[in-house]
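Got chain A; can you put chain B on it based on the hints?
Those protein sequence lines, which keep their order, are chains A and B.
In terms of my numbering, the first sequence opens at residue 1 and continues consecutively.
In terms of my numbering, the second sequence opens at residue 1 and continues consecutively.
It is possible that some hints are incorrect.
Each pair of labels, with its calculated beta carbon distance range [what the hints assert, rightly or not]:
no.: 1; chain 1: B; residue 1: T2; chain 2: A; residue 2: V73; range: 58 to 66 angstroms
no.: 2; chain 1: A; residue 1: H188; chain 2: B; residue 2: D18; range: 40 to 48 angstroms
no.: 3; chain 1: A; residue 1: G167; chain 2: B; residue 2: T2; range: 44 to 52 angstroms
no.: 4; chain 1: B; residue 1: D133; chain 2: A; residue 2: D83; range: 45 to 53 angstroms
no.: 5; chain 1: B; residue 1: R249; chain 2: A; residue 2: D132; range: 44 to 52 angstroms
no.: 6; chain 1: A; residue 1: E74; chain 2: B; residue 2: T2; range: 56 to 64 angstroms
no.: 7; chain 1: A; residue 1: H89; chain 2: B; residue 2: G145; range: 27 to 35 angstroms
no.: 8; chain 1: A; residue 1: V73; chain 2: B; residue 2: G145; range: 37 to 45 angstroms
no.: 9; chain 1: B; residue 1: E5; chain 2: A; residue 2: H159; range: 47 to 55 angstroms
no.: 10; chain 1: A; residue 1: D132; chain 2: B; residue 2: G106; range: 28 to 36 angstroms
no.: 11; chain 1: B; residue 1: A267; chain 2: A; residue 2: Y163; range: 47 to 55 angstroms
no.: 12; chain 1: A; residue 1: G147; chain 2: B; residue 2: A244; range: 50 to 58 angstroms
Hints in this document: simulated from the structure, not taken from any laboratory.
This structure is a prediction, so every number in the text was calculated from the model and none was measured.
Don't be surprised by glycine CBs; every beta carbon is placed ideally from N, CA and C.
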Amino acid sequence: MAIATHLGYDDLPELVTALTGDEKHDRSVVSTLDVLWVLYDRVLGRDDRFLLSKGHGPAAYYAVLAAKGLVPVEELAGFGGFDSRLGYHPDRALAPGVEISSGSLGHGLGIAVGVALAGRRTFCLVGDGELDEGSNWEAVQYAGRIGLGRLTVVAVDNHSSTYHWPGGIGARFELEGWSVALADGHDHDALERALTAEHDDRPHVVVAEVLP
Amino acid sequence: MTMRERFYSLAAGALESDPRVAMVLAEIGVAAMPRHPRLYNVGIREQLMIGVAAGLALEGYRPIVHSYTPFVVERPYEQIKLDLGHQDVGAILVSTGASYDASRAGRTHQAPEDVAVLAALPGWTIHAPGHADEVERVFAKALTGDDRVYIRLSEEENHAPVNGDGLVVLREGSDEAPLVVAVGPALGETLAATADLDATVAYLATVRPFPHEALNAALRGTGVVLVEPYLAGTSAAEVSVALADRPHRLLSLGVPNAEFRHYGRPAEHRAAHGLDAAGIRASLERFVGRVPAGRAPVSDTVAKS
Numbered sequence: 001m002a003i004a005t006h007l008g009y010d011d012l013p014e015l016v017t018a019l020t021g022d023e024k025h026d027r028s029v030v031s032t033l034d035v036l037w038v039l040y041d042r043v044l045g046r047d048d049r050f051l052l053s054k055g056h057g058p059a060a061y062y063a064v065l066a067a068k069g070l071v072p073v074e075e076l077a078g079f080g081g082f083d084s085r086l087g088y089h090p091d092r093a094l095a096p097g098v099e100i101s102s103g104s105l106g107h108g109l110g111i112a113v114g115v116a117l118a119g120r121r122t123f124c125l126v127g128d129g130e131l132d133e134g135s136n137w138e139a140v141q142y143a144g145r146i147g148l149g150r151l152t153v154v155a156v157d158n159h160s161s162t163y164h165w166p167g168g169i170g171a172r173f174e175l176e177g178w179s180v181a182l183a184d185g186h187d188h189d190a191l192e193r194a195l196t197a198e199h200d201d202r203p204h205v206v207v208a209e210v211l212p
Numbered sequence: 001m002t003m004r005e006r007f008y009s010l011a012a013g014a015l016e017s018d019p020r021v022a023m024v025l026a027e028i029g030v031a032a033m034p035r036h037p038r039l040y041n042v043g044i045r046e047q048l049m050i051g052v053a054a055g056l057a058l059e060g061y062r063p064i065v066h067s068y069t070p071f072v073v074e075r076p077y078e079q080i081k082l083d084l085g086h087q088d089v090g091a092i093l094v095s096t097g098a099s100y101d102a103s104r105a106g107r108t109h110q111a112p113e114d115v116a117v118l119a120a121l122p123g124w125t126i127h128a129p130g131h132a133d134e135v136e137r138v139f140a141k142a143l144t145g146d147d148r149v150y151i152r153l154s155e156e157e158n159h160a161p162v163n164g165d166g167l168v169v170l171r172e173g174s175d176e177a178p179l180v181v182a183v184g185p186a187l188g189e190t191l192a193a194t195a196d197l198d199a200t201v202a203y204l205a206t207v208r209p210f211p212h213e214a215l216n217a218a219l220r221g222t223g224v225v226l227v228e229p230y231l232a233g234t235s236a237a238e239v240s241v242a243l244a245d246r247p248h249r250l251l252s253l254g255v256p257n258a259e260f261r262h263y264g265r266p267a268e269h270r271a272a273h274g275l276d277a278a279g280i281r282a283s284l285e286r287f288v289g290r291v292p293a294g295r296a297p298v299s300d301t302v303a304k305s
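Only chain A is shown next, with the shape it has when bound in the complex:
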């Protein structure tokens, strides 16, 4: 069951502009906007959890939360201000609808494993650059070996990792026992198919490629 729609996808650019004050949108915003939209518009149910591990460039996240009525639209303009609940990295104690505070890379996936172990269907968004952090791989290895099927990771790959992932990100998850799907990170139908693909008792990763 998708969360009730408040505003539509076509409203997102305007919401992002309200946040950043700039009509030209930053690369880190553009890379996650479609994935976040598909998650909130088509995939996430009320009992699911979504953990944004890659807390950088959260304008897309806040815009989607605003479109879905979780963040008041009128708060977007205060982005980053002293009394704003919307900072450059999200704080769950401040921002409504935000499940975890993030910003330092490589933390969300470990927390997501704990949330999934607690019985929740859990989605976690990471970036390809973020995967440089070794802490991610502790989580990837463990979730794969124990068959944590309630966990789905979306790895947004905009080729920002300096040393790259030769052979692809998916191959590394596959080696650790994950189910892997690839999707164009801007293709909503492809993303939906990949995110909802059957993956039995294995954790699932969707590598969403977004060309820089």
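The following block gives chain B in isolation, referenced to the frame of chain A:
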């Protein structure tokens, strides 16, 4: 039964009796625990150990996390700061090894700075119990809450538990006598060191939050001596806060901030750090002026011999 054995028994009981309790281990302790559906061994992955605990806490569980001191406090320090503290969730972190229980294992297995670094983060209750019965008391209390609690187990143990929370005055000296505060397992040696000295001796097993008012009330003279079984000076700033409006002197005993490249027995480390009865006694005598400044305390002599 050691503190560590008592803890395993208590944790197993808590998993059985309280559906809110979960436990996350990174190999250490697994062999001592009965299997349980909510006991998760993540392998040798301490960052994940804390992250998983945080995720469980976000979903309403009360996670117990346990390992050797450096591997539960230092290796995953940013996870402790962010996954627990910044997410505003709690857990019970239980370390074993204290400062130099692993004296033969060397520096890699020792973390006498554990209390200092955890105390640098907001919201932690920190216990350094001196007896297995005290472990049971603070652990039982921690299970009922949802806050961040650190319990520091030690192979050094006092011969009897001290009943009562907070600062417990065990012996009253004269109005001029120094107030000697022994923390956790440092009590035994402190009592031996002060047996025939004019000193007020108090005991403290819960060092954060620090009992500012109780310290102020217990001090009749001007001299305070902290005997902490971990990094020297860990609670010095707390004493300054407690006594901000009165003149006082402070001596902070504990494990020195130094790369200490010796193996051997814990008792040898204790003596070398001046934390055995003779070392504490020598430092105390110098503090109260019985030994002229400049003369080496016993501990220095021991360390060089």
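Status of the hints after comparison with the structure:
About 59 angstroms separates the C-beta atoms of B:T2 and A:V73, a value consistent with the hinted range of 58 to 66 angstroms. Range check, A:H188 to B:D18: about 45 angstroms between beta-carbon atoms, so the 40 to 48 angstroms window is met. At about 49 angstroms, the CB distance of A:G167 to B:T2 agrees with the hint of 44 to 52 angstroms. Roughly 49 angstroms separates the CB atoms of B:D133 and A:D83, a value that falls within the hinted 45 to 53 angstroms.
In this structure, B:R249 and A:D132 meet the distance hint of 44 to 52 angstroms, their C-beta atoms being roughly 51 angstroms apart. Taking the beta carbon of each, A:E74 and B:T2 are about 60 angstroms apart, inside 56 to 64 angstroms as hinted. Range check, A:H89 to B:G145: about 28 angstroms between beta-carbon atoms, so the 27 to 35 angstroms window is met. With their beta carbons about 38 angstroms apart, A:V73 and B:G145 fall inside the hinted range of 37 to 45 angstroms.
Distance hint check: the CB atoms of B:E5 and A:H159 are about 53 angstroms apart, consistent with the given range 47 to 55 angstroms. Between A:D132 and B:G106, the C-beta spacing of about 31 angstroms keeps the proposed range 28 to 36 angstroms intact. Restraint check, B:A267 to A:Y163: a C-beta distance of roughly 50 angstroms satisfies the suggested window 47 to 55 angstroms. Checked against the hint of 50 to 58 angstroms, the C-beta distance between A:G147 and B:A244 comes to roughly 57 angstroms, which is consistent with it.
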